[in-house]
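With these hints in hand, go ahead and build the complete structure from the sequences.
Chains as they are written, first to last, in my numbering: chain A, 1 to 309; chain B, 310 to 618; chain C, 619 to 927; chain D, 928 to 1236.
Treat the hints with care, since some could be wrong.
[Said to hold, decoys possible] Quick list of in silico lysine-lysine cross-link-like pairs, BS3-like style, CA-CA up to 30 Å:
1. D:Lys1226 to A:Lys294
2. B:Lys608 to C:Lys825
3. C:Lys760 to C:Lys912
4. A:Lys207 to D:Lys1226
5. B:Lys603 to C:Lys825
6. A:Lys299 to D:Lys1226
7. A:Lys271 to D:Lys1226
8. C:Lys917 to B:Lys608
Note that these hints are calculated values from the structure, not bench results.
Each chain, letter by letter, is given below.
There are 4 protein chains.
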Amino acid sequence: MTMVEPQTTGTGRVTVPALEHLLGIAIPVLDDGFVRVVDYLGGDESIVQAARVSYGAGTKSFREDRGLIRYLLRHAHTTPFEMCEIKFHVRVPMDTWRQWIRHRTASVNEYSTRYSVAIDRAQRTDPAAWRVQDSGNRQGSKGFLPTEIGETLSREEAELQDAIHAAYDRRLELGVAREQARKDLPLSTYTEAYWKLNLHNLLHFLKLRMDAHAQLEIRDYARTIGERIVSQWCPLAWEAFVDYEQDGLNLTAAETEMVGLIAAGRMDEAKERALALNWIAITPGKTTIRREGKEFAEKLPRLGLTAPW
Amino acid sequence: MTMVEPQTTGTGRVTVPALEHLLGIAIPVLDDGFVRVVDYLGGDESIVQAARVSYGAGTKSFREDRGLIRYLLRHAHTTPFEMCEIKFHVRVPMDTWRQWIRHRTASVNEYSTRYSVAIDRAQRTDPAAWRVQDSGNRQGSKGFLPTEIGETLSREEAELQDAIHAAYDRRLELGVAREQARKDLPLSTYTEAYWKLNLHNLLHFLKLRMDAHAQLEIRDYARTIGERIVSQWCPLAWEAFVDYEQDGLNLTAAETEMVGLIAAGRMDEAKERALALNWIAITPGKTTIRREGKEFAEKLPRLGLTAPW
Amino acid sequence: MTMVEPQTTGTGRVTVPALEHLLGIAIPVLDDGFVRVVDYLGGDESIVQAARVSYGAGTKSFREDRGLIRYLLRHAHTTPFEMCEIKFHVRVPMDTWRQWIRHRTASVNEYSTRYSVAIDRAQRTDPAAWRVQDSGNRQGSKGFLPTEIGETLSREEAELQDAIHAAYDRRLELGVAREQARKDLPLSTYTEAYWKLNLHNLLHFLKLRMDAHAQLEIRDYARTIGERIVSQWCPLAWEAFVDYEQDGLNLTAAETEMVGLIAAGRMDEAKERALALNWIAITPGKTTIRREGKEFAEKLPRLGLTAPW
Amino acid sequence: MTMVEPQTTGTGRVTVPALEHLLGIAIPVLDDGFVRVVDYLGGDESIVQAARVSYGAGTKSFREDRGLIRYLLRHAHTTPFEMCEIKFHVRVPMDTWRQWIRHRTASVNEYSTRYSVAIDRAQRTDPAAWRVQDSGNRQGSKGFLPTEIGETLSREEAELQDAIHAAYDRRLELGVAREQARKDLPLSTYTEAYWKLNLHNLLHFLKLRMDAHAQLEIRDYARTIGERIVSQWCPLAWEAFVDYEQDGLNLTAAETEMVGLIAAGRMDEAKERALALNWIAITPGKTTIRREGKEFAEKLPRLGLTAPW
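Shown next, in the form of structure tokens:
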């Protein structure tokens, strides 16, 4: 591939060779889904260029570009990241798509099951992949069911999906309109869409959907997009995102104060403060750790510190 | 119901008594859905006020307000309509919600089936309500299937929905995480959400979703919102919307020219022009009317005119 | 200029040769402004591709592509037009930029006069280009002032701008912060920005800003963007836009009815209806035409018809 | 004022008495600007209600509401904050408005100087209020010029503004269209607008514009809105915002690691790490602190720690 020479940037489009290699290639996700880059606009250098419209600066070194991109992301100067745009073709279970589409800042064209017969595939679950309801986090899962139960569940899942599809087909044969026949298809039915958005909004999507609290399925898509695609497309922005957004640590005002006390070894004061903040409650014989206290304690190991209670 | 007194003081908020009467009342839609106004901001007078920030005008008569609102809508001066906001609580089949949520300009909080057990209701179809696939319009329906077929379909629908729900319940009993157990629920499962947006974006939603080409289910919701709620909330804006957006007629440049020819009785010229425009094709013994020609012909009766072919 | 080869491989990006020729070239607008395409994503074929995700259709002929794009635009199926993106570098007087930036759907990075010294150019008016306040349309202009008055005005304008810039420079010399020193710069001061948005939003911008009611200055920019750039980038979408949006004719419900009456020669009924609609008011010896009546009458010549009053 | 009783919330709108007292009152900002609440929708309880649509929970205590709102904000669950809406009437110098309007998520209707004569006031600077260009932060100011210089600058400012306004008036007298006559008005000219947005977007605006790096003028507006208005409207959300967003501390991945080293007293390792990260550069006789290192060092006092260099 012939790269556009840096000095001809003014006349040709910004091109990212590493991403060119990925164009059109479907990267598999889940049992029958994929993510595919269809088109893109810009790259790391577009971010730099936009930031520099402020001061018409001339050529800068790679190190300065990296420093500038990191500075922008660290300080939430997000508009230059909007200067990069990417367009995907994705294949996703509707259940996952329902979460995905809640991000309103993208352009979307989805496969129409009013116009066409629905895709004849629904996501199937491996016997070893049935997740257990988390008792602590009401909206999460934790670990897996034993395989023998999983095998029953997977068999029933297959039968159920087959029965639903048979009913769908029967409706179509009897002449029911597609827009109505589809009404009982399972949420696990695959759909496809073009999905186009700018890098700023994509990073926001990734931040929320690569998070450990996101549902496993959408997390798989998000990680594929982030680690396999954005990392190639805008490596400097991706590196900064990982350092600041993904692996960074946010402390609230009270947490900041508490870290100061703990780091100074003033454990008694820290404990008293925690009591005053209602992070912990002490009754004779029992210390209860409340939600904000628990969240704080979870941050401490990264700082090499321990909770004062 | 204790009503908020309208305009109690000069410093209070804009209040619309007719809408106050509707607050909190669930208006039924489909077999188990509803639309309910939860809160609102502004009314016709807010539109007028925003338009008049331009020229700090004093009190104006009702007739002038009506004229101004009509003028704004006719000329696509849409920003003053953003000064009104409304918040609904809706209950909708997910299948319909999938279309609804494509409108990106609203604020949404939806019932979470990760956090809670799914609503134990799916939309059911009356034996007389199974629609036939339209052969002309690929994404539409036309008429209904005979009731005896409908009865079979409705019985099968009930059995299918019951089987799916039984499978869902079994998964939950076995400890499967809610976020995963839900994966094969039918698209017809009801969901609930708060949906909040401004009047400009709501009118755009209504224009598209009250349209004859919209799917029946979402059209029922849109008509309920428009005819029962917006008509009470902002009666002047609603009247203008009906006159201009809903019942107005848009002519393309070529259609405008054609109407001129037909209105002048120059039918031969009109036919020739239609040929040149590729609206019709004439072969010995046969005249084919193409899509643009057909759409044009469908507009003519409203103008009391007939097609020249 | 080294051009990116069009469609070099199956995995490459959509490329529009006609637009490649314009990349980086500043097209002059006003006395010292310009519009320059910096980058783009997609073209007519991207619109078609997005529309066809609905039905996975194979290759289609050029005629079918044109028909599809026209159909989409005619029926306000606007999402496929969001699949094209374009990025401009513009130089615009701040006065014009104030109107421009009201379009909220674009990504923007503007030259910072906090960070850098302001651009040392303000828009200057040719002696023959001073426009007269329109008495009919309060927010418009109509015709030009005599050149001898214009010459005085232009001389005073130059002196005023020079005085302001001298004051600005003096403040900077005395050490005043740039962010404060700029506060009295004239609105006519040029600014520069990157401006990036999708085709759907761009066409909306063009519809409003190429309109005869838009201010001359922004109209010049909009026409340059539309006629010189979009026409090259997405010629099929542009053609459809001109036919439907720009040169189309919108009739309200009442206007549609009136056209029917007039086209049928039922002039008396038409006049009565106009009276009932409050479009005209008749007092002995005088017929007053109200705003809606006037607007209607202005549409009639395009249909070869005349008003009934 | 008659308050809506809490138990009638189902039928009336959510009302916030503390904000009702502020309705319509212009709070002065700068020498001739103001901020005025015109209307609002919702309050803290609307945030809670939206978050609870997930699990149809019944009445909760105030303490639980506070905890929920804090949880939402801490975890960037931002959609419930969109359920509150507020509408302001503001009077702002155009210079400040140019920054303000960059926030694209609000609805805006601005005073039109095409339609009406421009507001006859520009912001004037007190002799003691001329700020000095910051040499460290290129886009900031630092301290004030001596009053005797300030007096000259203020006198010149007044003369300049008077001269510009005289030119503007002369143009209008000669019949120049308002849209053109205004072109050389100073950026400091006051404008007015209605500005309406939801709480989530407002908090984002406040976070950026109350920041120490924001320009003084817009900071004055932001602080007025935040501290005087939002604090009254949604006190729980405001408290959480202050604790987490405003006074919180964000550490990058590298900073987190460094804090751990410093808190553990492993200063040599910390210094080596800083070298490896390029935060500092050591040459014989000189230690240079680079930008990321400087930013890190500025965070340490809040944690009661000191830099290892």
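Status of the hints after comparison with the structure:
| no. | hint | verdict |
| --- | --- | --- |
| 1 | D:Lys1226 to A:Lys294 | holds, 24 Å |
| 2 | B:Lys608 to C:Lys825 | holds, 24 Å |
| 3 | C:Lys760 to C:Lys912 | holds, 18 Å |
| 4 | A:Lys207 to D:Lys1226 | holds, 24 Å |
| 5 | B:Lys603 to C:Lys825 | holds, 27 Å |
| 6 | A:Lys299 to D:Lys1226 | holds, 17 Å |
| 7 | A:Lys271 to D:Lys1226 | holds, 23 Å |
| 8 | C:Lys917 to B:Lys608 | holds, 17 Å |
Hint violations for this structure: none, all hints satisfied.
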